[in-house]
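First to last, the sequence lines map onto chains A and B. The numbering used here numbers the first residue of the first sequence as 1 and each following residue consecutively. The numbering used here numbers the first residue of the second sequence as 1001 and each following residue consecutively.
I should point out that these hints are in silico values taken from the structure, not numbers from a laboratory. Among the clues, some could well be false.
[To be verified] Covered stretches of chain B (chain A as the covering partner; in silico rule of three or more C-beta atoms under 8 Å from a C-beta of chain A):
hint, stretch
1, 1022–1033
2, 1044–1050
3, 1100–1107
[Stated by the list, open to error] To give a feel for the contact side, a few chain B residues facing chain A, derived at Cβ under 10 Å:
hint, residue
4, GLN1037
5, SER1085
6, PHE1087
7, ALA1089
8, ARG1091
9, GLY1093
Backbone N, C-alpha and C define an ideal beta-carbon position, used for all residues, glycine too.
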Amino acid sequence: KAGVTQTPRYLIKTRGQQVTLSCSPISGHRSVSWYQQTPGQGLQFLFEYFSETQRNKGNFPGRFSGRQFSNSRSEMNVSTLELGDSALYLCASSLAGLESHEQYFGPGTRLTVT
Amino acid sequence: GQSLEQPSEVTAVEGAIVQINCTYQTSGFYGLSWYQQHDGGAPTFLSYNALDGLEETGRFSSFLSRSDSYGYLLLQELQMKDSASYFCAVRGGNTGGFKTIFGAGTRLFVKA
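Could you build all of it, start to finish, from the sequences and the hints given here?
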């Protein structure tokens, strides 16, 4: 079974631009979560999607948004990029179910904002 | 809100046993998970506790006390390859929404 894939793996953008990151979950997984990881901050929860619906959202500004498609693939978008948005963005998928606890992570997208 | 606390760094020698503690605050608690992340890699799932007690998976064990909002990860017979960051994570929420919140991570250094 193929793992979680994320594209692109690396991205360099300029302040003020916007970016879209993509995540394809493991086949059969209907829940997709997004996290931002920066040194010393651990993984900060961005949002979780299930069956095309945002199930919960973390404490990030409205510049961060996402969506999920009917095939469970998900995208996240960051508009008006700031230097502080430079981070590793991780996507994780899990089986359906509100108590699904085992998440499978993709390799991440390393975003650098200059 | 939800929050977790775990030590930032732990150092141990090869062959030893190390315990990484995690205390948490959350509403609608479902369970406590542990993940391992090597430098440059993605987090990988290690274990999960929904009920009080000890869960053992090979050299790794995880413990949960729901009444104390506390858990730990125990690594036995440490190997150099165990040098990594370890994250505890809480699954919580209510009918309004669910999320998994991660701690800041514990960096484990295994010395020869």
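Each hint, compared with the structure:
no.	hint	in the structure
1	1022–1033	holds (count 3)
2	1044–1050	holds (count 4)
3	1100–1107	holds (count 6)
4	GLN1037	holds, 9 Å
5	SER1085	holds, 9 Å
6	PHE1087	holds, 6 Å
7	ALA1089	holds, 8 Å
8	ARG1091	holds, 5 Å
9	GLY1093	holds, 6 Å
The structure fails none of the hints (numbered hints given earlier).
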